[in-house]
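Student: Sequence:
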Amino acid sequence: MSEIVEKPHARRSETSSTYTRQHEGTTVSHVDFADCDHCTRYPNRWSRIREYIREPAAEFVGAMIFIIIGCGGNCQVVLSSNPAVASSPKGDNLSLNIGWAIGLAMAVWTSAGISGGHINPAVTLALATVRNFPWKKVPFYILAQLLGGICGAGIVYANYYHAINLYEGGPGIRTISGTGDLFATYAADYMTSVSCFFSEFIGSAMLIIAILAVTDKRNVPTPPSLVPLAIFFIILGIGIALGMETGYAINPARDLGPRILTAMVGYGKAVFDFRNQYWIWCPVLGPILGMQAGALFYDTLIFTGSESIVNKPDTEAERKHLHACPQQRNKIPAGVDVV
Numbered sequence: 006m007s008e009i010v011e012k013p014h015a016r017r018s019e020t021s022s023t024y025t026r027q028h029e030g031t032t033v034s035h036v037d038f039a040d041c042d043h044c045t046r047y048p049n050r051w052s053r054i055r056e057y058i059r060e061p062a063a064e065f066v067g068a069m070i071f072i073i074i075g076c077g078g079n080c081q082v083v084l085s086s087n088p089a090v091a092s093s094p095k096g097d098n099l100s101l102n103i104g105w106a107i108g109l110a111m112a113v114w115t116s117a118g119i120s121g122g123h124i125n126p127a128v129t130l131a132l133a134t135v136r137n138f139p140w141k142k143v144p145f146y147i148l149a150q151l152l153g154g155i156c157g158a159g160i161v162y163a164n165y166y167h168a169i170n171l172y173e174g175g176p177g178i179r180t181i182s183g184t185g186d187l188f189a190t191y192a193a194d195y196m197t198s199v200s201c202f203f204s205e206f207i208g209s210a211m212l213i214i215a216i217l218a219v220t221d222k223r224n225v226p227t228p229p230s231l232v233p234l235a236i237f238f239i240i241l242g243i244g245i246a247l248g249m250e251t252g253y254a255i256n257p258a259r260d261l262g263p264r265i266l267t268a269m270v271g272y273g274k275a276v277f278d279f280r281n282q283y284w285i286w287c288p289v290l291g292p293i294l295g296m297q298a299g300a301l302f303y304d305t306l307i308f309t310g311s312e313s314i315v316n317k318p319d320t321e322a323e324r325k326h327l328h329a330c331p332q333q334r335n336k337i338p339a340g341v342d343v344v
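In the numbering used here, the protein residues as written are 6 to 344.
Don't read these hints as lab results, they were simulated from the structure. Note that the structure is predicted; figures quoted are calculated from it, not measured. A portion of the hints provided could be inaccurate.
[Unchecked claim] Straight-line C-alpha distance at most 30 Å; calculated BS3-like pairs for lysine-lysine:
| hint | residue 1 | residue 2 |
| --- | --- | --- |
| 1 | K141 | K222 |
| 2 | K317 | K142 |
| 3 | K317 | K141 |
[What the hints assert, rightly or not] Derived CB-CB ranges, DEER-like:
| hint | residue 1 | residue 2 | range |
| --- | --- | --- | --- |
| 4 | E56 | I245 | 22 to 28 Å |
| 5 | A246 | E312 | 43 to 49 Å |
| 6 | H167 | D97 | 22 to 28 Å |
| 7 | P94 | P228 | 35 to 41 Å |
| 8 | W286 | I307 | 28 to 34 Å |
From the three backbone atoms N, C-alpha and C, an ideal C-beta is built for every residue, glycine too.
Please construct the entire structure, taking both the sequences and the accompanying hints into account.
Tutor: Okay, structure coming up:
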């Protein structure tokens, strides 16, 4: 299974839009090229270019939406706790978790039909390793997700710029403990390095297991249009149960994109020096390794689909299939024996 959500394919009878209309005395004919087997797939030059960037663009937009809603929720809840910013607090910890869950659901709704709705480099890598997602697409997906995270964080920072100034005490003051942790994730002081890694590892493993289960046609499959809603509950549950100690990044792009943005706008290299390069071994490597383990765990014990490397047929199974299947036997040239 290479996609979180199976891409929909419109039937030609549903896309037909050939019609004429009168405009200033002139009859103008409109034809939907998708309705014609003899017409080009590209009605103009831009549509030809878009064909090559459409999937990464969907991942970019999805990741950007995810960060805008998630980091935007962080900023609204925390910054509003300062009387100089708002007359009363605008949310609590549950608001934060709901915001991230809604953000990912919106991101998947936006991109699932185009790119599969990964929104997460760890998900992309897991599907490429365990399932049949093409490795040649992996670098483009990850780059798009990271850039989407940077742009999303930049939009949130611009939107809350003046509130951040009030909260920090001035436009030239930027600290991790003040507002930097509204964008990237930073572990609680009492957490050891091993505990931080384990928290991200287990949360990420749970996420990929839940995603694979929701989209497993041989389990209890969720209708494609409702997969984003299922993702909402999955993220909400992980946040409520495991979000306190490390901020549950469970997504390298979700953490690294906003972290890069904060380094660019004045928080400095401290965002990368925190706890001996915490950023790489906890919110980046933790999710990647956790999802590799979770995907392999699900496919090894539960999944039976042929697209998994765990279920790849061996030589003996292929030989028996060729002997037993009439359709395959008919394809074998005369005089060729199946060993």
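Student: Give a verdict on every hint.
Tutor: Hint by hint, here is what the structure shows:
Between K141 and K222, the direct Cα distance comes to roughly 26 Å. Compliance with the 30 Å bound is thereby established for this hinted pair. Among the hinted pairs, K317 with K142 is consistent with the structure: their alpha-carbon atoms are about 22 Å apart, no more than 30 Å. At most 30 Å may separate the alpha-carbon atoms for a hinted pair to count; K317 and K141 meet this at roughly 21 Å. Between E56 and I245 the Cβ separation comes to about 41 Å, which falls outside the hinted range of 22 to 28 Å.
As the Cβ distance of A246 to E312 is approximately 30 Å, the hint placing it in 43 to 49 Å is violated. Checking the proposed 22 to 28 Å range against H167 and D97 shows it holds: the Cβ atoms sit about 23 Å from each other. Distance hint check for P94 and P228: the Cβ-Cβ separation is about 38 Å, which falls inside the suggested range of 35 to 41 Å. Our hint of 28 to 34 Å for W286 and I307 holds, since their Cβ atoms are close to 30 Å apart.
In this structure, the hints that do not hold are numbers 4 and 5, in rising order.
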